[in-house]
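**Q** What follows is each chain in one-letter form.
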Amino acid sequence: MTFLSELLAWFTDPLNWQGTSGIPIRTWEHIQYSVAATLIAALIALPISLYLGHTGRGGLLAINIANIGRAIPSLGLIIMAFILLGLNIVPVMIALVALAIPPIVTNTYIGIRNVNREVRDAAGGMGMTGWQILTRVEIPVALPLIMAGLRTSAVQVVATATLAAYLSFGGLGRFLFDGLALQDYEQLTGGALLIAALSLITEFALARVQAVIVPKGLAKRNATAAVDAKMSGRAGVASSGA
Amino acid sequence: MDWGWVQDHLDEIQSLFFQHAQFTLLALVYGFAIAFPLALAATRWPRLYTPILGLTGILFTIPSIALFMLMMPFTGPTATTCLIALTIYTLLVLVRNTVEGLRGVPREVREAAEAMGYRRFKQLFRVELPIALPVIIAGIRIAVVTTIGLVTITALIGFGGLGALFIDGFRQAFGTPIIVGFTLSVLFAVVADVALVGAQRMLTPWARGAGGR
Numbered sequence: 001m002t003f004l005s006e007l008l009a010w011f012t013d014p015l016n017w018q019g020t021s022g023i024p025i026r027t028w029e030h031i032q033y034s035v036a037a038t039l040i041a042a043l044i045a046l047p048i049s050l051y052l053g054h055t056g057r058g059g060l061l062a063i064n065i066a067n068i069g070r071a072i073p074s075l076g077l078i079i080m081a082f083i084l085l086g087l088n089i090v091p092v093m094i095a096l097v098a099l100a101i102p103p104i105v106t107n108t109y110i111g112i113r114n115v116n117r118e119v120r121d122a123a124g125g126m127g128m129t130g131w132q133i134l135t136r137v138e139i140p141v142a143l144p145l146i147m148a149g150l151r152t153s154a155v156q157v158v159a160t161a162t163l164a165a166y167l168s169f170g171g172l173g174r175f176l177f178d179g180l181a182l183q184d185y186e187q188l189t190g191g192a193l194l195i196a197a198l199s200l201i202t203e204f205a206l207a208r209v210q211a212v213i214v215p216k217g218l219a220k221r222n223a224t225a226a227v228d229a230k231m232s233g234r235a236g237v238a239s240s241g242a
Numbered sequence: 243m244d245w246g247w248v249q250d251h252l253d254e255i256q257s258l259f260f261q262h263a264q265f266t267l268l269a270l271v272y273g274f275a276i277a278f279p280l281a282l283a284a285t286r287w288p289r290l291y292t293p294i295l296g297l298t299g300i301l302f303t304i305p306s307i308a309l310f311m312l313m314m315p316f317t318g319p320t321a322t323t324c325l326i327a328l329t330i331y332t333l334l335v336l337v338r339n340t341v342e343g344l345r346g347v348p349r350e351v352r353e354a355a356e357a358m359g360y361r362r363f364k365q366l367f368r369v370e371l372p373i374a375l376p377v378i379i380a381g382i383r384i385a386v387v388t389t390i391g392l393v394t395i396t397a398l399i400g401f402g403g404l405g406a407l408f409i410d411g412f413r414q415a416f417g418t419p420i421i422v423g424f425t426l427s428v429l430f431a432v433v434a435d436v437a438l439v440g441a442q443r444m445l446t447p448w449a450r451g452a453g454g455r
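Chains as they are written, first to last, in the working numbering: chain P, 1 to 242; chain E, 243 to 455.
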């Protein structure tokens, strides 16, 4: 049990909570990378996938991109971007954004395409324009899946932002790579626990957000979508195999 | 892209690929050995399903890098560390798809099998599992592709299969090994995925016409 007590000592050492390399600052850096990457990915992926879903174009790519994304090795992507673009935060961001886009695209596209044809036709029959159908009918109905996609991406980004520290940047990965280099297993394990906790918090917090903003009438669908998000896992596809 | 480097390192690339394939295969075999009984239990006693899914789901949400590192104080930078973590990541998909597949067996089919006098185990293996196979294989496909990607992360603790080439390239600030590792790793995933689709078509000839998923 000595390891556990040393780990506890690491967590309770006031020095580890102070200054620019303390736990609060590292956590804040990690959150900043993650929020920035997820937002940029959403800004790129949402308009494209809403357009594709609304018009029904590009389905083959939109549905399969999440599967392709799953096969992309994140470590290779980040190091490759670093070699091409040099040592700054841009390669890290590019890699994180690239990994975050596929789940958003696939889930959003499937969410919009899954809107009942009759519902869409009824909206058209009531005289709604294409824009109105998209914003007032399709997006609200697809919201559970859109949120599931964003959640999958966000959790994946939080996980992968750890690698920023491999390129000498900050974030919670610092503790991992410094601990690894120094064979300091308390620091290593402490960092790993913090990253695991941040991922789980992200997952549950976004699940709460989803529960709050999804229209009540869709609550039941929402439950199904939550299961889908789980099933789709890291690089999620909403309508995976099952 | 420096083809001379590729020529000089063919042996190394080959052995890294074998390590990659070995890790993937072992993780899948161990994963299935754990997931299959869990899935049968969850099908037999539905109450177990939510806790099993919840637990494997939480394990799945823990970032792979963090999980590898969490094992380090106990098993050190060894292949065991890699395999335990890789196996854990296959569980969620395998359990879920096996349970969903078995649950999807139509009630009439089950009743017909019972009426024909099938015993529980024989019914499971002769009737229910074959019908559930497309969904189970869909799960295996996701697990295989995910695992092939995750193996590269183990490069951080000295393994990595083709991912070791990323670290090589990083240390020398040299792009070729990274491109080679990246391309082969993605290619491996795609080929494995296509091979599994082929295996499914062979194993479930009856599902072909119906566009078996």
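Hints are computed from structural coordinates only; laboratory data are not their basis.
Don't take every hint at face value.
[As the list claims (entries may be wrong)] Interface residues of chain E toward chain P, partial, derived using beta-carbon atoms under 7 Å:
#, residue
1, Ile304
2, Ala308
3, Met311
4, Gly359
5, Val428
[Claimed, not checked] Restraint-style ranges between C-beta atoms, simulated for each label pair:
#, chain 1, residue 1, chain 2, residue 2, range
6, P, Asn116, E, Met358, 38 to 44 Å
7, P, Trp131, E, Leu301, 40 to 46 Å
8, P, Pro47, E, Phe260, 39 to 45 Å
Computed from a predicted structure; not experimentally measured.
Glycine included, every Cβ here is placed at the ideal spot set by N, Cα and C.
**Q** Looking at the structure, which of the earlier hints fail to hold?
**A** 4
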